[in-house]
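K.L.:
Taken in sequence, the protein lines are chains W and V.
Position one of the first sequence corresponds to residue 6 (this note's numbering), numbered consecutively onward.
Position one of the second sequence corresponds to residue 17 (this note's numbering), numbered consecutively onward.
Honestly, the hints are just simulated from the structure, not real lab data.
Where is the CB? At the ideal position from N, CA and C, for every residue including glycine.
Heads up, some of the hints might be wrong.
Said to hold, decoys possible - Estimated spans, in silico, between C-beta atoms of each pair:
no., chain 1, residue 1, chain 2, residue 2, range
1, V, Phe70, W, Arg159, 39 to 45 angstroms
2, V, Pro133, W, Ala219, 34 to 40 angstroms
3, W, His188, V, Arg126, 30 to 36 angstroms
4, W, Arg160, V, Ser46, 34 to 40 angstroms
5, V, His307, W, Val41, 22 to 28 angstroms
6, W, Ser79, V, Glu22, 43 to 49 angstroms
7, W, Lys237, V, Gly210, 29 to 35 angstroms
8, W, Arg159, V, Phe122, 29 to 35 angstroms
Chain by chain, the residues run as shown.
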Amino acid sequence: MSTQPQSLSPAKNEPLPGISLGGRTNVDPAEDKRPVPAKVQIQELSFFYGTHQVLRSVTLEVPKDQVTALIGPSGCGKTTLLRCLNRMHDLYPGNRYEGSVKLQPEGIDILGPGMDPIQVRMRFGMVFQKPNPFPKSIYENVAYGLRLQGMSKRRELDERVEKALREAALWDEVKSRLHGLAHNLSGGQQQRLCIARAIATDPDVVLFDEPTSALDPIATSKIEELIVELKKRVTVVIVTHNLQQAGRISDMTAFMYLGELIEFGETNRVFTNPAKPQTEDYISGRFG
Amino acid sequence: MPLPQESSRRLDKAVEGIMVWVLRLGGWASVLVTFGIVITLITESEPFFSKVPFRRLITDKMWTPLFADPQYGISALLAGTLVTTGVALLVAVPLGTILAIYLSEFAPVRLRELVKPMLELLSAVPTVVYGYFALLTLTPLLQKIYPDLSQFSMLSAGLIMGIMIIPYVTSLGEDSMRSVPMLLREGAFALGDGKLGVALRVVFPGAFSGLAAAYVLAISRAVGETMIVAIAAGLQPKLTFNPLDSAATVTAFIVQVSLGDLPHGSIGYQSIFAAGAVLFLMTLGFNLAGHALRRRFHRAA
Numbered sequence: 006m007s008t009q010p011q012s013l014s015p016a017k018n019e020p021l022p023g024i025s026l027g028g029r030t031n032v033d034p035a036e037d038k039r040p041v042p043a044k045v046q047i048q049e050l051s052f053f054y055g056t057h058q059v060l061r062s063v064t065l066e067v068p069k070d071q072v073t074a075l076i077g078p079s080g081c082g083k084t085t086l087l088r089c090l091n092r093m094h095d096l097y098p099g100n101r102y103e104g105s106v107k108l109q110p111e112g113i114d115i116l117g118p119g120m121d122p123i124q125v126r127m128r129f130g131m132v133f134q135k136p137n138p139f140p141k142s143i144y145e146n147v148a149y150g151l152r153l154q155g156m157s158k159r160r161e162l163d164e165r166v167e168k169a170l171r172e173a174a175l176w177d178e179v180k181s182r183l184h185g186l187a188h189n190l191s192g193g194q195q196q197r198l199c200i201a202r203a204i205a206t207d208p209d210v211v212l213f214d215e216p217t218s219a220l221d222p223i224a225t226s227k228i229e230e231l232i233v234e235l236k237k238r239v240t241v242v243i244v245t246h247n248l249q250q251a252g253r254i255s256d257m258t259a260f261m262y263l264g265e266l267i268e269f270g271e272t273n274r275v276f277t278n279p280a281k282p283q284t285e286d287y288i289s290g291r292f293g
Numbered sequence: 017m018p019l020p021q022e023s024s025r026r027l028d029k030a031v032e033g034i035m036v037w038v039l040r041l042g043g044w045a046s047v048l049v050t051f052g053i054v055i056t057l058i059t060e061s062e063p064f065f066s067k068v069p070f071r072r073l074i075t076d077k078m079w080t081p082l083f084a085d086p087q088y089g090i091s092a093l094l095a096g097t098l099v100t101t102g103v104a105l106l107v108a109v110p111l112g113t114i115l116a117i118y119l120s121e122f123a124p125v126r127l128r129e130l131v132k133p134m135l136e137l138l139s140a141v142p143t144v145v146y147g148y149f150a151l152l153t154l155t156p157l158l159q160k161i162y163p164d165l166s167q168f169s170m171l172s173a174g175l176i177m178g179i180m181i182i183p184y185v186t187s188l189g190e191d192s193m194r195s196v197p198m199l200l201r202e203g204a205f206a207l208g209d210g211k212l213g214v215a216l217r218v219v220f221p222g223a224f225s226g227l228a229a230a231y232v233l234a235i236s237r238a239v240g241e242t243m244i245v246a247i248a249a250g251l252q253p254k255l256t257f258n259p260l261d262s263a264a265t266v267t268a269f270i271v272q273v274s275l276g277d278l279p280h281g282s283i284g285y286q287s288i289f290a291a292g293a294v295l296f297l298m299t300l301g302f303n304l305a306g307h308a309l310r311r312r313f314h315r316a317a
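Turn these sequences into a full structure, and let the hints steer you where they fit.
P.N.:
As structure tokens, this is what we get:
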């Protein structure tokens, strides 16, 4: 955050410089309310790459149908935490989880023994740092997850693909070339296609891993609008390096540092009145 | 930092200039060799075509340039080449592709490091060894299944040729599959796909341009293979598409004539250049087709 003006001691209850909070009023830590039920309950989650511990007993409740941002300096474990939620770490040998991640309302433990990671992943959508459309047509990209879940009727597929593309604000741009290659789209369009692909199966939660880090500002703002729109019907967890982005689109913010969750609360409260000095230092651009 | 001495900079420049020329020569060498081959083929087959009109290659039904009443139906030789190549591809393409998928997506790293060099040894076996293996080991075995199988058979030669070219398919194919970005695989895994699904639905199409190149190389290798077919498929030109039969291929005919005692300048001797020219055109055609295929899929990968 070197571009941000350095403010040595921002007054409490005053938005930090350079961070827009969309006109929300400031909230005291004591008023941190949880009006919505939790969707994902992370309890004492630790994660190890071999013997190297990356997450240290993280406990966090992701509220339903809201946007939760994970922020923190590089290497703090925020992407690792995100990838625990849909068990992406299972793809590589030598990784180990401890603790539990419960998906509500059923309360099933994602990390529990006998839990099939494939079943877990079918309930989470994921959007990556760089657009990664498959070497297939636009249509087949969106239909991929639907087909995996056993949908094969043409009409049903057509309907769901169109719905997902509309929700990803891409339909008007691609409706005339649904069967053209996805790689002919621009970077921003490809990323919206990946969002369409992730939401086509109606997942419970959509995970975003720095989804705009490879995009220009205009494409970025389109993705941000989409994410805000998405939370009407789905829970969103987003990892971002961009504090302004976290401020603009998230309802809740979790600040992580060295594998630990330092602070978690409503975004405008965390940004205006951080409870922990590390949070304040990071947000005000003093490190990270 | 002090600037380098004037003299040492001049030396650097000279070395760089020489290196550029060495590299340029290397590039041109392959082009020149190809041109040399083309020119040889044209000038050497010219006397043949001045005596035998080109259309006879197509209209004649038999290939008997050494007989008193010579016939020049190249289709008799092409049939042998096509059938043996076809049999070889039926072995090498599926097996080679499956192996490539296994090595790239499923095999543990240590197994891959062990299998790959061993597999590449397959293409280092002298083809004359393969030829006798086909003739003396495989053909008798096949004769237990098909008692009518002739002593020389395109099936036997083709099968062995297929095994010889598996490493071409596997090695190139595996390289191109592994170069498919991990991010693509993760995208499919995140949607809930399994390992096999990711391999077949994402990695395979993503690597198709590389696989197409591998297939083309395998075809060219099979079309040009000489020893195995000369030994195991027979030397009798025969217009047949039955793999159980024996037939000479274009290459087998060339080696038969060039090793014989035909005088240079005789029509029989000149006919091998005509056959060679046809073979060259065929390989060129396959390569161009492969190139076009690659370009078509390149954007997808």
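K.L.:
Now tell me, hint by hint, if it's right for this structure.
P.N.:
Right, here's what the structure says about each hint:
1. V/Phe70 to W/Arg159: 39 to 45 angstroms: At roughly 52 angstroms between Cβ atoms, W/Arg159 and V/Phe70 fall outside 39 to 45 angstroms, so the hint is violated.
2. V/Pro133 to W/Ala219: 34 to 40 angstroms: holds (38 angstroms)
3. W/His188 to V/Arg126: 30 to 36 angstroms: Check passed, 35 angstroms falls within 30 to 36 angstroms.
4. W/Arg160 to V/Ser46: 34 to 40 angstroms: violated (55 angstroms)
5. V/His307 to W/Val41: 22 to 28 angstroms: violated (58 angstroms)
6. W/Ser79 to V/Glu22: 43 to 49 angstroms: holds (46 angstroms)
7. W/Lys237 to V/Gly210: 29 to 35 angstroms: holds (32 angstroms)
8. W/Arg159 to V/Phe122: 29 to 35 angstroms: holds (33 angstroms)
Hint compliance for this structure: hints 1, 4, 5 are not met, and every other hint is.
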